[in-house]
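Here are the chains, one letter per residue:
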Amino acid sequence: MTTAGRGRLAALAAVAVGATVALAGCATGDPLDSGSDGGGDSETIVVGSQDYYSNEIIAEIYAQALEENGFTVDRQFRIGQREVYIPEIEGGAIDVFPEYTGNLLAFYVEDTTATTSDDVYAELEGALPEGLRVLDQSPATDQDSYHVTRAFSEENGVTSLADLEDVTTPITLGGNSELATRPYGPEGLKSVYGVDVAFTPIEDSGGPLTLKALVDNQVQMVNIYSADPNIAVNDLVTLEDPEGLFLASNVVPVVSEKVTDEIAEIINTVSAALTAEDLVALNSLSVNEQQSADQIASDWLGEKALF
Amino acid sequence: MSLFLDAIAWLTDPANWTGAGSIPQRIVEHLWISAVVLVIAAAIALPVGGAVGHTGRGREPVVMVSGGLRALPTLGVLTLFALWLGIGLRAPVIALVILAIPPLLAGAYAGFESVDRRTIDAARAVGMRELQIVGKVELPLSMPIVVGGIRSATLQIIATATLAAYVADFGLGRFIFAGLKTRDYGEMLGGSLLVIILALLVDGCFAVTQRLVVPAGVRATRTRELRSGPTRSRAAVGKPITEGNQQ
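Protein sequences, first through last, are from chains A and B. Residue 170 in the numbering used here sits at position 170 of the first sequence, with consecutive numbering throughout. Residue 94 in the numbering used here sits at position 94 of the second sequence, with consecutive numbering throughout.
Be aware that a few hints might be false.
Now the stretches of chain B that chain A is said to cover, found in silico as 3 or more residues with beta-carbon under 8 Å [what the hints assert, rightly or not]:
#, region
1, 83-94
2, 177-191
Sample of chain B residues with no beta-carbon within 10 Å of chain A, all distances over it, derived [claimed, not checked]:
#, residue
3, T12
4, P24
5, A110
6, R151
Pulled from the structure, derived: some chain A residues nowhere near chain B, Cβ distances all over 12 Å [what the hints assert, rightly or not]:
#, residue
7, K190
8, S191
9, S256
Treat the hints as calculated values from the structure; they're not laboratory data. Remember, predicted model here, so these are calculated numbers, not experimental data. For every residue, glycine included, the Cβ atom is placed at its ideal position computed from N, Cα and C.
Pulled out of the complex, with its shape left as it was, chain A reads as follows (with noise of 0.2 Å):
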């Protein structure tokens, strides 16, 4: 190549470079553009989300309904795993923050024996640390749950946990690798429905490898969350667990204490709403619409005029 080539390249690059930059910067939109206009409390309230597209979206109606009443919102979102986020909610860097009961207890009491939706946010209530409360859970959930095929289901009559038993067939499950080692992983089949299953690790957290491994048959039973959209498209079958295998995960938001019963009865009124139907349908507007998590939140918001 041409010395004069390589430098045409080389601006190509620079341009290319540029742009993306200003186009991410661009997606985000600007999050001071609120239309809070006074009124309410001048404290801002900072909100935060995990680094998962639903857990943002939830967060952003959050923080789309305390704008709508008239509250400053500063939105710290897609923060990585609780382990990086705990501490700053607890250090009063961030006020508000959604969270799933079952999760969260886990992470504070490793081995809780509650599975119910009301055990776990009870026994959560007296879990947390000082200087953090958690208000009403939601209807919604979204928990680890396994799924099979809607083939695998009707060739084996598999509905339920409890029905693995009798499948002749080996069964090996799929998921991340911790759930080698979860109470609910290989080991609690086997102790709570008498299932032995081989177990395969897929690092992508019920992603499209693990979809794919289930739906090639490399795996016959996978772990996703349940409110992923995926479940619906791919026709899946999630299993039933009479036995409370999983511990239940609804969704719920932690805050601190700067959180005044004003703000509260806001966030209830939103969790109140949000259904397990609606959590899905708002997910499957992210992963199969792509769109964003701002205007899924205003679009569910003033379809549901809550305020």
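Given the structure of chain A, go ahead and fit chain B onto it with the hints provided.
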């Protein structure tokens, strides 16, 4: 520091050294996939690199392609191939081969190129055919640099083969992923230390090999020169010798 203590406690726990998914089993798996990847990548890259170095043709495209391959994020490539081929070892093997090709290619063509043109001309002058020149002159003389390429590729493969655990129950990466996700940082760090130790040990073996493959003739010349005076530094092990009447 308590993290390191956790890691040492994990490494020295006898329970981790026996049974399914034990440390020895993971090490063997890790070495196995690394070896498979190295053999496949070498079979592709060394002949191509050798041909480029020998003929001096096609250097530009090869440099560009191998530079481009270096820029590919291995996890992305792995995910892409896994979505196509499904979970298991095929996707990680392909991703690691792509990772290993650039250093192997660079070692091969740089090695062949480094052979003094006058040596090759001399070989041709005494009646050697092209293949004889490649096999008996260029290959032995370029070996230290070619092995250097293999060495650097192997180091990268061993370090990155942890990603095999992303889509398969395989290799030392299992400890790292499992430890990270269950907040068992002792296990995570222990697994990482094993990878580092493994990489250093294998690298050490290659360092020795790199010395051993210096052709006897080159070594003999070097010794003579060293005795006659420090005109050539010891570090020039892999350098082509200068021969003939040049002063």
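Here is what the structure says about each hint:
no., hint, result
1, 83-94, "holds (count 4)"
2, 177-191, "holds (count 5)"
3, T12, "20 Å, holds"
4, P24, "19 Å, holds"
5, A110, "20 Å, holds"
6, R151, "29 Å, holds"
7, K190, "15 Å, holds"
8, S191, "18 Å, holds"
9, S256, "23 Å, holds"
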